[in-house]
Every structure is written in C-alpha cells, then in structure tokens.
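Residue numbers (our numbering), protein chains in the order written: chain X, -15 to 98; chain Z, -11 to 102.
Treat the hints as calculated values from the structure; they're not laboratory data.
If you're wondering where the values come from, they're calculated on a predicted model, not measured in any experiment.
Among the hints, a few may not be true.
Across the chosen pairs, the derived CB separations fall in these ranges [to be verified]:
#1 X:K52 - Z:A28: 32 to 42 Å
#2 Z:Q50 - X:A25: 19 to 29 Å
#3 Z:L70 - X:I37: 37 to 47 Å
#4 X:E(-1) - Z:G4: 42 to 52 Å
#5 Z:T(-2) - X:I37: 38 to 48 Å
#6 Z:L70 - X:R45: 41 to 51 Å
#7 X:P98 - Z:A(-3): 25 to 35 Å
#8 X:P66 - Z:A(-3): 23 to 33 Å
#9 Z:L102 - X:A25: 14 to 24 Å
#10 X:P63 - Z:L70: 43 to 53 Å
#11 X:S53 - Z:H(-7): 38 to 48 Å
#12 Z:S5 - X:E(-1): 42 to 52 Å
#13 X:S35 - Z:D59: 23 to 33 Å
#14 Z:L71 - X:I37: 37 to 47 Å
Here's a subset of chain X near chain Z, in silico, CB distances under 7 Å, partners left out [as the list claims (entries may be wrong)]:
#15 Y23
#16 P24
#17 E26
#18 T47
#19 F49
#20 Q84
#21 F88
From the derived model, a few chain Z residues whose C-beta atoms are all more than 12 Å from chain X [what the hints assert, rightly or not]:
#22 G4
#23 S5
#24 G29
#25 L32
#26 N51
#27 S55
#28 S72
C-beta atoms are modelled at their ideal positions from N, C-alpha and C, and glycine is treated no differently.
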Amino acid sequence: DQQVKQNSPSLSVQEGRISILNCDYTNSMFDYFLWYKKYPAEGPTFLISISSIKDKNEDGRFTVFLNKSAKHLSLHIVPSQPGDSAVYFCAASARKQGAQKLVFGQGTRLTINP
Amino acid sequence: SQTIHQWPATLVQPVGSPLSLECTVEGTSNPNLYWYRQAAGRGLQLLFYSVGIGQISSEVPQNLSASRPQDRQFILSSKKLLLSDSGFYLCAWSEGLPRTDTQYFGPGTRLTVL
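Between the sequences and the hints, there should be enough to build the whole structure, so can you do that?
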C-alpha cells in the first residue's frame, strides 16, 4: 500500500521557468510533510517542510503548497536552475510518540534544460 | 553544527558473508537514528529506528539487524547476506524530544551482493 505517491517519475523544465513537482498521500493521519533533493550516490538533502496547520511555506526559490482536502502537496521552484536537476522525494509523517517515521514517495527526476 | 558520517561508502560482498555498516552523528545529543534502504529505481524504505541506546525498532522483517551501542552510533548488520540485500543504505538522524520530524541523511553506502 503506497501511502505517498509521486506519479510523475520524471519532469523536464527549461531553465528560468517554474518547476512543479506533485505528491499525493492517502493517510489522513499525516500531519507533517517534507521535500528532499537527492543527487546520485549521495544522501537526500532536506529542502523544505510544511505542517498540516498551514497551506503554504516559502523559502527562497522553493514553495510548498498543501491541499489537505485533496491530500495533495506540491513543490514549486522558481526560477529553475541547472543545479536543481536531481531526484526529488516527498515524505510524510504522522503524530506519534518517539521517533517520527517518514513515509517516502518514489521520487521524481527533475531535469533543467539550458 | 551537526554532521553525520557513514562508512564504508561502497561495499561489494559475496552471498552468505556478514555485513557491518556504521553510522555516527556529531554535534548533537540523544538523537533519533534511522536506517533506510533505497533499492534501484525505488523510494526510501525505513528499516530500523532508535530513540535511545539499546532501543531498536524494526519496520520490516528481513535479513538485517541494527544496534545502537552508543548514543551517537548506529550499526546495521547481517550474519549472512542475500542477493536481495543489495541497495543504497542511508542513515539519518533527527532531534529527540521535543518532537521534530525533519531527518538529516548521511552520504550513504552502496552495497552490492554478488
């Protein structure tokens, strides 16, 4: 049962334009969402997160939007740069005691074309 | 600042051989620690997590085990490797209480079982 889904395995965007990466989830208990960026043979790097009490969080070129009724979140990158080319993972967690277990999507490979 | 180390970076092992991967965190105390595996073309799967020394929780039944002999040390082991154990293994940490969901990943270990 895939609780977090990224339905687009890949996305190609021209440099300077907006990149929009999408993520859907099924578990209504999830209350915290994160985006990670990953280069080949490296560990994921944390990008941005959002709590379920908000619908938008912005950090520089990165903005995450959360639509709880649709169980959907998206990451916007504006403007896109060649260094943004990587695999992007969304992740979600549910309120629990102790360690917070993240559930990851399958990832979307973003390619920024010059 | 906090840093997380993993070694070795790459490992090629024959089927049936033992395994020991090590992860250490610097610059924090009482972290929550995690082991993930990324199989080829897939997302990250949580294998184990730990909220304290000697406390290990397993997420999926498998051929692997984990131990936390010291506060900032997390070890992933196997007595006899299987072909299906091949993958990219990632260690991550997060702050302990109060609750925080952001996890920070190490550089990973590429394991190939032949």
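For each hint, the structure was consulted:
1. A beta carbon spacing of about 33 Å between K52 of chain X and A28 of chain Z agrees with the range 32 to 42 Å that was offered as a hint.
2. In this structure the supplied range 19 to 29 Å holds for Q50 of chain Z paired with A25 of chain X, their Cβ-Cβ distance being about 23 Å.
3. For the pair L70 of chain Z and I37 of chain X, the beta carbons lie near 44 Å from each other, so the given range of 37 to 47 Å is met.
4. The beta-carbon spacing between E(-1) of chain X and G4 of chain Z, approximately 49 Å, falls within the hinted interval of 42 to 52 Å.
5. Between T(-2) of chain Z and I37 of chain X the Cβ separation comes to about 42 Å, which falls inside the hinted range of 38 to 48 Å.
6. With their beta carbons about 43 Å apart, L70 of chain Z and R45 of chain X fall inside the hinted range of 41 to 51 Å.
7. Taking 25 to 35 Å as the suggested C-beta distance range, the pair P98 of chain X and A(-3) of chain Z conforms, at roughly 31 Å.
8. Between P66 of chain X and A(-3) of chain Z the C-beta distance comes to about 26 Å, which sits within the given range of 23 to 33 Å.
9. In this structure the supplied range 14 to 24 Å holds for L102 of chain Z paired with A25 of chain X, their Cβ-Cβ distance being about 19 Å.
10. Remark: the range hint 43 to 53 Å for P63 of chain X to L70 of chain Z is upheld by a beta-carbon distance near 46 Å.
11. S53 of chain X and H(-7) of chain Z have their C-beta atoms about 42 Å apart, which keeps the hinted 38 to 48 Å range intact.
12. Separated by about 46 Å at the C-beta atoms, S5 of chain Z and E(-1) of chain X satisfy the suggested range of 42 to 52 Å.
13. Checking the proposed 23 to 33 Å range against S35 of chain X and D59 of chain Z shows it holds: the Cβ atoms sit about 28 Å from each other.
14. Here the CB-CB span from L71 of chain Z to I37 of chain X is close to 45 Å, well matched to the stated 37 to 47 Å.
15. Interface hint at Y23 of chain X: violated, since its Cβ lies 10 Å from the closest Cβ of chain Z, which is beyond the 7 Å cut-off.
16. Checking P24 of chain X against chain Z by beta carbon gives a least distance of about 10 Å; that is not within 7 Å, so the hint is violated.
17. A least Cβ separation of about 6 Å between E26 of chain X and chain Z falls short of the 7 Å threshold, and the interface hint therefore holds.
18. The interface hint given for T47 of chain X is broken, as the beta carbon of that residue sits about 17 Å from the closest beta carbon of chain Z, more than 7 Å.
19. The interface hint given for F49 of chain X is broken, as the beta carbon of that residue sits about 18 Å from the closest beta carbon of chain Z, more than 7 Å.
20. A hinted interface residue such as Q84 of chain X counts as satisfied when its beta carbon comes closer than 7 Å to some beta carbon of chain Z; here the least separation is about 4 Å, so the hint holds.
21. A cut of 7 Å between beta carbons decides the hint on F88 of chain X: the least distance to chain Z is about 4 Å, and the hint holds.
22. The beta carbon of G4 of chain Z sits about 26 Å from the closest Cβ of chain X, which is more than 12 Å, so the claim that it is off the interface holds.
23. Distance check for S5 of chain Z against chain X: the nearest CB is about 23 Å away, which clears 12 Å, and the non-interface claim stands.
24. Against the 12 Å criterion, G29 of chain Z falls within the reach of chain X, whose nearest CB is about 8 Å from its own CB.
25. A beta-carbon of chain X is positioned within 12 Å of the beta-carbon of L32 of chain Z; the least distance is around 4 Å.
26. Taking the minimum C-beta to C-beta distance to chain X, about 21 Å, the non-interface status of N51 of chain Z holds against the 12 Å cut.
27. Its beta-carbon lying about 16 Å from the closest one in chain X, S55 of chain Z satisfies the requirement of being farther than 12 Å from that chain.
28. Its beta-carbon lying about 19 Å from the closest one in chain X, S72 of chain Z satisfies the requirement of being farther than 12 Å from that chain.
The structure is inconsistent with the numbered hints 15, 16, 18, 19, 24 and 25, although it conforms to all the rest.
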